[in-house]
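Peer 1: Fit chain B to the given chain A structure using the hints.
Protein chains: 2
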Amino acid sequence: MAALTDLSRLSLNQITTQKWSVPEAVEGCLEAEIPYISFWRDKVAATGLKETARLVREAGLKVSSLCRGGWFDDATKEGRLARLEDNRRAIEEAATIGTDVLVLVCGPAASKDQDTARAYVQDSIEKLLPFAAGHGVKLGIEPMHPMYAAERSVIVSLGQANNIVKQLNHPNLGVVVDVFHVWWDPEVYNQIEAAAGTILGFHVSDWLVPLPDILMGRGMMGDGVIELRRLREAVEAAGYFGPIEVEIFNQAIWNTPGKEVLARMSERYLEHV
Amino acid sequence: MAALTDLSRLSLNQITTQKWSVPEAVEGCLEAEIPYISFWRDKVAATGLKETARLVREAGLKVSSLCRGGWFDDATKEGRLARLEDNRRAIEEAATIGTDVLVLVCGPAASKDQDTARAYVQDSIEKLLPFAAGHGVKLGIEPMHPMYAAERSVIVSLGQANNIVKQLNHPNLGVVVDVFHVWWDPEVYNQIEAAAGTILGFHVSDWLVPLPDILMGRGMMGDGVIELRRLREAVEAAGYFGPIEVEIFNQAIWNTPGKEVLARMSERYLEHV
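Protein chains in written order, with the working numbering: chain A, 10 to 282; chain B, 10 to 282.
In silico contact screen, one side only, chain B against chain A (beta carbon under 8 Å); selected entries: (1) Ala-158; (2) Ala-159; (3) Gln-169; (4) Pro-195; (5) Val-234; (6) Glu-236.
Rough simulated footprint, nothing fancy, chain A against chain B, three-plus residues with beta-carbon under 8 Å: (7) 113-123; (8) 145-157; (9) 160-168; (10) 210-220.
Derived from the structure by calculation, the hints contain no laboratory data.
Yeah, the Cβ is synthetic: ideal placement off N, Cα and C, and Gly gets one too.
One chain only, chain A, in its complex shape (with noise of 0.2 Å):
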């Protein structure tokens, strides 16, 4: 298995450097010389939105995704729309700021049906799609770790994500590969070659042994279990060739200056990715 050359497909995910705000993101990616950034909506939000988008065109920085839509069940039928209605503000957002990938988060239930709100969840990646499409958006379902099913996501593994892609059948809807969701899954290989051409994002960080946090617990590459090299190298022989998002949830990374946090994935990302 051969190692990454160099940094031409690395991307910060804004959440690895919770700290920054947009511009100073921008600025980092800048010095480091990572010609890729992901942001998250809140952030977009404090920063401005016309502002985001001025900022890292005058950078020249690429945009791999927006972090994130989803989040489509609701008690209430007022909440569901208004969550719909949320996702379609996301999905302008990603076309303003420049890329073509909004990240979905595909909530969990608000009762204790999950196959109801599995199947809600299709529904409503179906009714966004033509404002997707009307918006140059694609939709990447990110399909979760199931220790999440309950707090964040009913979609749990690729093949479920996959079987959506399928059924739904659509050219701006995709699927989201996260090692750090994924990796447990014996079935993660076949399903990564059944995604072939539908990829929209690939995310890299590692599991710790032990695992310090369920939602805080992401490690840096290297640090813990996971085989990325394999991984990247099965999202390739897929056709994806495009952005490697860097995406830690992790206090002690936050807590360290985001310069040294970037020095340190791009030479992890060379190492191990």
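Peer 2: Chain B only, in chain A's frame:
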């Protein structure tokens, strides 16, 4: 969906009253009129194997299972052999205390290579089966939640467990369905159906939201989001009418007096399972 009307299938998995010794747990079950108990090997060792066997026999309790064999993989050949040998001791212990089910935790990989570890688990089970059959003991593969993939079990779904059972096709091999480990899986009902005739145990607890802890975060039935009754009826539709173990890792419950725990679990069992 119909509630259970009596406690005739209820089993106390000893971990739920972690502070109780074997004699205390046996006495507790008798007083609470819980007909089954499941033991943990460390507790059995503390009381003594023969003494444990005598206590349950005299109490007239039925033993639903022994926890736990497995943990097969190791970095060294000697380590692997020692682990296989330890599984033979566990099989003997199960036979001695009068249960025909040894629960297997299909241990973590000794390296990053999950595929090899998965194959090694299957090989190890295959090696143990003649010994288990000779002792009248069945090996129950318990798929564990994917969040334990790195530290506890490379078997993370019922589908995977079913595949091993199908491939080895041995009357002394089956699966143990624990709702905490499998509830998130969109395939769980299909796979319970596929497991018909090979289900050796059914464990209940609940998934709390938010999950308080990775290992110690299980909840009492009814306190979380798992569709317990639907899962119980699914295993029944697949032909399983054996004991239902309550297995809860939770410090607050461990700190509660055992009698209170047994009263609450009996009540919740009738109400929610």
